[in-house]
Amino acid sequence: MHSLPPELLTGPFLRGTARDLGITDRMLQGSRFARVHPRVWRHRDLEMTEVDQVAAAMLALPDRALLTGISRIRALGLDFGAQQPLRFVIEGDHHLALEGIFLHRTKKLPPAAGRMVTPAAAYLSYVARARVIDAIKVGDWLLHHGHMTRAELRDLALGALWRDGAHEAIWLLDHLDERSRSLKESETRAMLTFSGLDRPESNGALDVGGVILTPDLLYRKWGPLALEYEGTQHQLDRTQYVSDIDRYELYRNASIPYVQITNEKLAQPRRLVLDVHRALVARGYDGPAPSFGERWLLLFARVSTAVGPRQPVQR
Numbered sequence: 005m006h007s008l009p010p011e012l013l014t015g016p017f018l019r020g021t022a023r024d025l026g027i028t029d030r031m032l033q034g035s036r037f038a039r040v041h042p043r044v045w046r047h048r049d050l051e052m053t054e055v056d057q058v059a060a061a062m063l064a065l066p067d068r069a070l071l072t073g074i075s076r077i078r079a080l081g082l083d084f085g086a087q088q089p090l091r092f093v094i095e096g097d098h099h100l101a102l103e104g105i106f107l108h109r110t111k112k113l114p115p116a117a118g119r120m121v122t123p124a125a126a127y128l129s130y131v132a133r134a135r136v137i138d139a140i141k142v143g144d145w146l147l148h149h150g151h152m153t154r155a156e157l158r159d160l161a162l163g164a165l166w167r168d169g170a171h172e173a174i175w176l177l178d179h180l181d182e183r184s185r186s187l188k189e190s191e192t193r194a195m196l197t198f199s200g201l202d203r204p205e206s207n208g209a210l211d212v213g214g215v216i217l218t219p220d221l222l223y224r225k226w227g228p229l230a231l232e233y234e235g236t237q238h239q240l241d242r243t244q245y246v247s248d249i250d251r252y253e254l255y256r257n258a259s260i261p262y263v264q265i266t267n268e269k270l271a272q273p274r275r276l277v278l279d280v281h282r283a284l285v286a287r288g289y290d291g292p293a294p295s296f297g298e299r300w301l302l303l304f305a306r307v308s309t310a311v312g313p314r315q316p317v318q319r
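If you want this note's numbering, it's the 1-based position in the sequence shown plus 4.
It should be emphasised that the hints constitute simulated quantities derived from the structure, not laboratory data.
You can take every hint at face value.
DMTMM-like cross-link-like pairs, simulated, lysine to aspartate or glutamate; straight-line CA separation at most 25 Å:
| id | residue 1 | residue 2 |
| --- | --- | --- |
| 1 | Lys269 | Asp279 |
| 2 | Lys111 | Asp168 |
| 3 | Lys269 | Glu232 |
| 4 | Lys112 | Glu95 |
| 5 | Lys188 | Glu298 |
| 6 | Lys111 | Asp97 |
| 7 | Lys188 | Asp211 |
| 8 | Lys188 | Glu232 |
| 9 | Lys111 | Glu95 |
| 10 | Lys112 | Asp97 |
| 11 | Lys269 | Glu253 |
| 12 | Lys225 | Asp248 |
| 13 | Lys111 | Asp67 |
| 14 | Lys112 | Asp159 |
Input sequences plus hints: build the corresponding full structure.
So, in structure tokens, the structure goes:
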């Protein structure tokens, strides 16, 4: 059997590349290869990763097609949002139907680096269709990890208000917090604020018996009251588990109340909000009680619904 060049074993490749390496079209039709897209192939034993899927799409699409939206953001390392369809954008009225790929069309391409739009441009594309709560989580993540800045996002949106997602991004700026260190922290903060409670501080420094802690979320005025997210890793990682025990002991010794947030509580948002409200009231909070009306429901609607209809902008 004809030995295969190593270049064809580790990722998707073009038919032309295979020809250059001595692999004929007839050999490609054999049992050792599988077609991914027109002109794009892989070895049958290659388990396509997300990176491979993006690479295959880039081979199949014109060079001017750029990775965008949540697909671009996932390429930065965020494990959130739909893996497929892969989202690309192209300038002009170009139509091309490929399995697992959504090709957006635009009058003018956004800022880009190589075959990918910038993270800020990808966020604009994403929030045009995202729910409010998801857009807040993703926006916080991009800001916290330094993939975009508020100024960059604002300037991009204001400089091209005709783009899908521009008005949505401007509206979202007031709801983002670059200090948030996890999606769950962002999700919890959004639930609390959209219920009408005061906005908690993200990872603010707190002196607890002479030790500086940074609660995931903190109501400094009322108490203080600390909110701590307990993810699966807090149970599986022994070092983290012991650290949690020590931290909660410090809280108790300093008579600082805390609310532990779990995935189970996040799955029941209203109950979570009411639990936090009760803890705040116990510390002297006398502000408005949570409300689960129109504003609350917007959290789970698309950002475009929250923003409302916009006037047409000249492109």
